[in-house]
Amino acid sequence: MSKTIVIGISDLNIATNGDVLVTYALGSCVGICLYDPVSKIAGLSHIMLPTIKDFKDPNAQKEKYADTAIEILLNKMLAAGALRIRIRAKIAGGAQMFAPVNNTSLAGIGERNIIAVKNELARLKIPITAEDTGKNYGRTLFLDSNDGSMKIKSVNKGEWVY
Amino acid sequence: MALKDYGDLNEMQLDALREIGNIGSGNAATALSSMLERSVQIAVPKIRVLDYNDVVQALGGPEKLLVGLLFSLSGDITGMIMFLLHKEFAHMVLSSLVGSEFDGSSELDDMDQSTLQEVGNIMAASYINAMAAMTDMTIDISVPNMSVDMAGAILSVPAIYYANISDKIILIEDEFDHDREGATSHILLIPEVDGLYKIMESLGLGS
Chain Z
7 MSKTIVIGIS
17 DLNIATNGDV
27 LVTYALGSCV
37 GICLYDPVSK
47 IAGLSHIMLP
57 TIKDFKDPNA
67 QKEKYADTAI
77 EILLNKMLAA
87 GALRIRIRAK
97 IAGGAQMFAP
107 VNNTSLAGIG
117 ERNIIAVKNE
127 LARLKIPITA
137 EDTGKNYGRT
147 LFLDSNDGSM
157 KIKSVNKGEW
167 VY
Chain E
650 MALKDYGDLN
660 EMQLDALREI
670 GNIGSGNAAT
680 ALSSMLERSV
690 QIAVPKIRVL
700 DYNDVVQALG
710 GPEKLLVGLL
720 FSLSGDITGM
730 IMFLLHKEFA
740 HMVLSSLVGS
750 EFDGSSELDD
760 MDQSTLQEVG
770 NIMAASYINA
780 MAAMTDMTID
790 ISVPNMSVDM
800 AGAILSVPAI
810 YYANISDKII
820 LIEDEFDHDR
830 EGATSHILLI
840 PEVDGLYKIM
850 ESLGLGS
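Each protein sequence line maps, in turn, to chains Z and E.
If you're matching positions, the first sequence starts at 7 in the numbering used here and goes up one per residue.
If you're matching positions, the second sequence starts at 650 in the numbering used here and goes up one per residue.
One should not assume that every hint holds.
As the list claims (entries may be wrong) - The following label-pair restraints were derived from C-beta to C-beta distances:
{"hint": "1", "chain 1": "Z", "residue 1": "G140", "chain 2": "E", "residue 2": "M786", "range": "36 to 42 Å"}
{"hint": "2", "chain 1": "Z", "residue 1": "K9", "chain 2": "E", "residue 2": "E824", "range": "35 to 41 Å"}
{"hint": "3", "chain 1": "E", "residue 1": "M786", "chain 2": "Z", "residue 2": "K163", "range": "55 to 61 Å"}
Calculated directly from the structure, the hints in this document are not laboratory data.
Nothing here was measured: the structure is a model prediction, and the numbers come from that model.
Backbone N, C-alpha and C fix where the C-beta goes; we use that ideal spot for every residue, glycine too.
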């Protein structure tokens, strides 16, 4: 029977053998799904901030930032036997949960996360085949390693699959 | 010693924050009670310094439906104050004040939204006024912003905002309850580290 593997905030992991990766309640954070359809290896990363470059702390957790987490995830998948050229990405999240408060560092953080994720995927030459980003509501994301489908669940808007 | 991280707070400083929470929530509860014309119980405030994931668990899990009202603080203290209403609490407020129902399965109409925002506004202002008077500081609060969504998604906002300071969030957590209906709400006061230091200094607990 397939297992469900939970990915917390600032966390990432891979799954195979029909296991399902899930990350709950993405708000302004972004979930990045990577999938190799032949080896059926799936990877999910839940990033919180666009770039590690804003932080001087050498101990900063690399899984938290778009520009460091995705490459770690990719390397994990390659080590497990995925082939780089086959890997495709689907992304979700980056919502604006509250209308902008008088707070510049918070305004548009969802949007900045989405842009950072897209830039990083472009740098790694991973094409994006689906995205469900922006707007103003939270999303729970399921990534099925069986077929690479990304299911999104929301509070009052139902659920749908990419 | 200047505070660098929320984890640096000592027991006496945590006690002071608990007392601020106590007085603030007492004022907010009085305001709520007179608006609703019914009794409101408050629990002894809990002060917790928690990881983001633990905060979400403490509030009922990432997918728990909450009504979140976010205010930003400026003036002598910067930070945020957030009200989190369980759907039963939102229902209790709405049914008492405007006679409407809320079960979380549909979106709030404009009237319901402004009612909840106004209740939040009055409670936040009472809370902050009490805190300002106690610490002799000037604190301004913004107009509320509202989101009805999963706890994890709502709390990602303060979590992201504070991610550059600390992995932990300090919660001054107050519970309001109207006993017959088990309707609960929480206030989270989330001061920036600088503001926290100013609070401690004003109370003579700066070192």
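Any hints this thing doesn't respect? Which numbers, in order?
3
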